[in-house]
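**Q** One-letter residues, chain by chain:
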Amino acid sequence: MKLYLLLTQIGFGLLLSLAVNAIEKPTPPKANKQFSTEQACVEPIDIMRRYHGHFLKHHRDDTMHSGVRTTQHSLVECINCHVTADDHGNYPSVKDGSEHFCRSCHNYAAVTIDCFQCHASKPEKK
Amino acid sequence: MSPTQNRRDFLKKTATVAGLTTIAPGILFYNVSQAKPDGEAVTSKVRWGMLIDTTKCATGCTDCVDACTKEHGLNDNVSAEVAPQWIRKVGLRDKQTGKETSLPMLCQHCEEPPCVDVCPTGASFKRADGIVLVDKHTCIGCRYCMMACPYKARSFIHETLENQKPHSPRGKGTVESCTFCVHKVDKGEQPACVEACSNADHNAIIFGDIKDPESEISKKLAEVSSTALRADMKLNPGVRYQGI
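In order, the protein sequences belong to chains A and B. As numbered in the numbering used here, the first sequence has no gaps in its residue numbers, which increase by one up to the final residue, 127. As numbered in the numbering used here, the second sequence has no gaps in its residue numbers, which increase by one up to the final residue, 246.
Do not take every clue at face value.
Residues from chain A that face chain B, not an exhaustive set, calculated with beta carbons under 10 angstroms [unchecked claim]:
{"#": "1", "residue": "Met65"}
{"#": "2", "residue": "Thr71"}
{"#": "3", "residue": "Asp115"}
{"#": "4", "residue": "Cys116"}
{"#": "5", "residue": "Ala121"}
{"#": "6", "residue": "Glu125"}
Calculated from the structure, these hints are not laboratory results. Bear in mind that the values here come from a model prediction, so they are computed numbers and not experimental data. Where is the CB? At the ideal position from N, CA and C, for every residue including glycine.
Only chain A is shown next, with the shape it has when bound in the complex (with noise of 0.2 angstroms):
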């Protein structure tokens, strides 16, 4: 009996794994600039990909009720440094593409944005 469980977690061990392979991680574009020498981006990379979400809604408050306007934590400053053109000047669509900065990682990680029904996907043509 003892045998037959652990067959069994190692089946299911191994079918994990290959649904794991299966998914491609996410690669998204290289942003423009860096944040400063020391700096990738705005706050350490490891705190970004955590809390990311954190830093947008609190910025989104301050910035819609108190009218502070400071781009460390705007979302629009996000997209101006990591939605990057093509070689044609064409920039990836947010609906489709997984080139779109936001779009690849939150596919990869099956969390649905409602930010761009609203907000632009994409810098501003000058």
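Since the structure of chain A is already known, use the hints to place chain B on it.
**A** Leaving out everything else, chain B in the frame of chain A:
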């Protein structure tokens, strides 16, 4: 004053400091009211307002409306019958005399906004500096505010939008209205309609801080007679009209 300082030195120093502060105040106050630092919250020391001179506003001219539409991308890929109107031209006609007046109608940015009173989610709110806005993150699209507004200043977005402007996020299922171009005002600029009106040399709209007695709008308001629309409702709108 330190115990070692004598009376004469103290008087000299205070006189110099007083002299410095009296040379600058006009300039200093102007700067403070015009552009606030990015990281600072807005305060109720400022109240933004608008004075519209209807005698300078020509029938058929839509410069302000066009500027608003362009600034916020209001008509991009939207069916005409549901296109939002943040500012619209309204014609008045005196039945007795036949005198016709044309004026732009927009959110009046009331001191006591009825849209804020009726909002069930707190999405409709008034900023400390008097600008009435919709927080679309919390708007559920119930449209109570549209019913409550006596100026018919708000629009509902019926269709999916695309390619919105970065400074003006807008989307289906929410209510929106004139923001006094809050993204420009926070940078010390004028709203798009005001800019367009003065660029076309009509100069029918003055925008500024009505709590600052030195501002152009305050001086004008003190000088000419102006009207608050539906003054009977005691909403104390931030937009006032001259010549009606």
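**Q** Does the closest beta carbon of chain B sit nearer than 10 angstroms to the beta carbon of Cys116/A?
**A** Nearest chain B Cβ about 9 angstroms off; hint holds.
**Q** Does the closest beta carbon of chain B sit nearer than 10 angstroms to the beta carbon of Thr71/A?
**A** 5 angstroms, holds
**Q** Once the shortest beta carbon distance from Met65/A to chain B is found, is it less than 10 angstroms?
**A** 5 angstroms, holds
**Q** Using the nearest Cβ pair, does Ala121/A come within less than 10 angstroms of chain B?
**A** 4 angstroms, holds
**Q** Can we keep the Asp115/A interface hint, with Cβ of chain B closer than 10 angstroms?
**A** 9 angstroms, holds
**Q** Using 10 angstroms as the Cβ threshold, decide whether Glu125/A counts as touching chain B.
**A** With a closest approach of 5 angstroms, the Glu125/A hint holds.
In summary, this structure violates none of the numbered hints.
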